[in-house]
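S.K.: The chain contents come next:
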Amino acid sequence: MSFMLTHRGCSKESSVRQEDFENKNKTLWNAYDRILACLENSDSGRDNPLGYSFHPDDFPPLYRKVCHHYAVALSRQYSPALVTALHTRIMAGHRKIYKKRTHHMAAVARFFSVTFPSTFRANFTFFILALALFILPFIGTGIATYLNPDVIYSIMNEDQVADFEYMYDPENRNLGRTPDRQDDRSVMMFGFYIKNNISIGFRTFATGALAGLGTVFSLVYNGVILGGVAGHVTRLGFNQTFWPFVSGHGAFELTAIVICGMAGLILARAIVAPGNYKRVHALKNTAPKALSLVLGAAAMLFIAAVIEAFWSPFSVAIPVKYTAAALFWAMVASYLLFSGRGRPFWI
Amino acid sequence: MPKLDTVKKYETPEGVVIRLKIAGPVSRACAWLVDLAIKAGLCILIAIVLGVLGHAGQGLILICLFFIEWFYPVFFELYWGATPGKKSMNLMVVQDNCTPVSFTASVLRNLLRAADFFPICYGVGLVTMVCSKDFKRLGDIAAGTLVVYDTPGRVVDKITEAPAKQPPPDLRVNEQRTILDFSERSLYLSQERRIELADILYSVTGKKGEAAVNELYAYASWLFKGK
Chain A
1 MSFMLTHRGC SKESSVRQED FENKNKTLWN AYDRILACLE NSDSGRDNPL
51 GYSFHPDDFP PLYRKVCHHY AVALSRQYSP ALVTALHTRI MAGHRKIYKK
101 RTHHMAAVAR FFSVTFPSTF RANFTFFILA LALFILPFIG TGIATYLNPD
151 VIYSIMNEDQ VADFEYMYDP ENRNLGRTPD RQDDRSVMMF GFYIKNNISI
201 GFRTFATGAL AGLGTVFSLV YNGVILGGVA GHVTRLGFNQ TFWPFVSGHG
251 AFELTAIVIC GMAGLILARA IVAPGNYKRV HALKNTAPKA LSLVLGAAAM
301 LFIAAVIEAF WSPFSVAIPV KYTAAALFWA MVASYLLFSG RGRPFWI
Chain B
1 MPKLDTVKKY ETPEGVVIRL KIAGPVSRAC AWLVDLAIKA GLCILIAIVL
51 GVLGHAGQGL ILICLFFIEW FYPVFFELYW GATPGKKSMN LMVVQDNCTP
101 VSFTASVLRN LLRAADFFPI CYGVGLVTMV CSKDFKRLGD IAAGTLVVYD
151 TPGRVVDKIT EAPAKQPPPD LRVNEQRTIL DFSERSLYLS QERRIELADI
201 LYSVTGKKGE AAVNELYAYA SWLFKGK
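Chains A and B are the protein sequences, given in the same order. Take 1 as the starting number for the first sequence in our numbering and just add one per residue. Take 1 as the starting number for the second sequence in our numbering and just add one per residue.
Check each hint, because a few of them may be wrong.
To be verified - Under the rule of at most 27 Å between Cα atoms (straight-line distance), these lysine-lysine pairs were calculated in the DSSO-like manner:
1. B/K158 / A/K26
2. B/K208 / B/K87
3. A/K96 / B/K225
4. A/K65 / B/K158
5. A/K99 / B/K21
6. A/K100 / A/K321
7. B/K8 / A/K65
8. B/K158 / A/K99
9. B/K207 / A/K96
10. B/K133 / A/K99
11. A/K24 / B/K158
12. A/K65 / B/K21
13. A/K278 / B/K225
14. B/K133 / B/K21
15. A/K26 / B/K39
16. B/K225 / A/K99
17. B/K158 / B/K207
18. B/K9 / A/K100
19. A/K289 / B/K133
20. B/K165 / B/K207
21. A/K100 / B/K8
No lab work stands behind these hints, which were simulated from the structure alone.
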């Protein structure tokens, strides 16, 4: 026995054989495993289908004991199988105890009333920057195509030009629809707007992680295309159709795309100019903030898709269209500027 | 312990160290391919089922495609800890602190796939994975997540029964541990391999062949439970 004391450490306790250690603690480990199995089935452990009754408060002390056993087993150089078994146990327990919990409905309500609009306001500089990247090309190409009928063909090809000329031709009674999308296909167009527009928003955001190049490209590109179309159509005199059509959903759609760009620029800032942090940490710190902007923008794009599919194409008197559009813009602006200031209304 | 390893250590608030095996680009690429096949199958299925509904059906198909494209991994990561493809490769996604991946993190890491995929087939993602610690692509860095092997541990963890015999007194602790490990692992080894391994310790046991194997079993038994 004497050499064991020297080789396995000095304290008396450390001479405990692995078998004795296992026998002594087996009951505790089994209880731990059973509670863990119940917790796997339901998080609170209250209505566990395994029929093993326990109180959720029983678990943390057991967990701490097993952690202690793991540390002891490691320091006493017990066999790898025992160490692995205990390691598996503490890993599963750690996942249960330290899991991040959110109350989903409350979190959603809080997100839209406070988090999203206040994050927007807190990063207003990025919004201005994204807006400039979108609106300057928009105005530039808009003026160019308005003044010169040939410019539009250097932006897109003839088929595309013919398509959108048809879409906004006052002779055509189905606004915003190309010839092959003639009849009333609102649901189809709704699906198309969801897939196309929200994907563009997500990509505009995500490619901000490429040092902002993707975001800048996306904003400028969309500005050029939309400005080109707007200028060209206005020059053709389709004012009765184009502006009433786009002004409504544009409130949500264009603002949301610029907000996605803003979120992309926030990611880019973390990579290009991380300040006092390492790039990796700067990215990790700012990404959740940027994400809340994108999720808010995605919800706005969803609203835009509803309006674009089920309201914008229908022929209503033009003053009504413009009134609705003014209302939409006022809603978006007041939501982003005022929601979530001060105390929430339900408290 | 070797310094060059793919094991990441995380110290819990209880003061014990959890060891995670980080997954590399190859197994993750395989998982991605499996997921790609599943997603393609899902899309075809949805197209067939909803295709009969005409134009409204087309709209619904597009909405489904949108959700499959962006939220298929988010859904499975939140409810299963991994997508079916990752499950098939025995991988899972965890937070940096070894807890299950949160909603924010899962959405972030999956939206940023668009950047990682650039310019083609995860070019950026591969470069960042190779350059960063813990094989993280951009999405993992931003979300603070890790892709690790989900190791269930060995199922059979019994040492081989043998009459106990005291090992030579000059074995160091890690050497004792190796003998225990040999005894536990021998279930998974062929007899030839056991002999081959036991023969290496000729200087310790003074025996060759099957006798050496049994000698090691006896030492392990002694180390495990004493006389």
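S.K.: All hints are to be evaluated individually against the structure, with a verdict given for each.
M.R.: Going through the hints against the structure:
no., hint, in the structure
1, B/K158 / A/K26, "holds, 14 Å"
2, B/K208 / B/K87, "violated, 44 Å"
3, A/K96 / B/K225, "violated, 34 Å"
4, A/K65 / B/K158, "holds, 23 Å"
5, A/K99 / B/K21, "holds, 20 Å"
6, A/K100 / A/K321, "violated, 46 Å"
7, B/K8 / A/K65, "holds, 24 Å"
8, B/K158 / A/K99, "violated, 32 Å"
9, B/K207 / A/K96, "violated, 49 Å"
10, B/K133 / A/K99, "holds, 24 Å"
11, A/K24 / B/K158, "holds, 17 Å"
12, A/K65 / B/K21, "holds, 24 Å"
13, A/K278 / B/K225, "violated, 51 Å"
14, B/K133 / B/K21, "holds, 13 Å"
15, A/K26 / B/K39, "violated, 45 Å"
16, B/K225 / A/K99, "violated, 38 Å"
17, B/K158 / B/K207, "holds, 24 Å"
18, B/K9 / A/K100, "holds, 20 Å"
19, A/K289 / B/K133, "holds, 23 Å"
20, B/K165 / B/K207, "holds, 14 Å"
21, A/K100 / B/K8, "holds, 21 Å"
When each numbered hint is compared with the structure, violations occur for hints 2, 3, 6, 8, 9, 13, 15 and 16.
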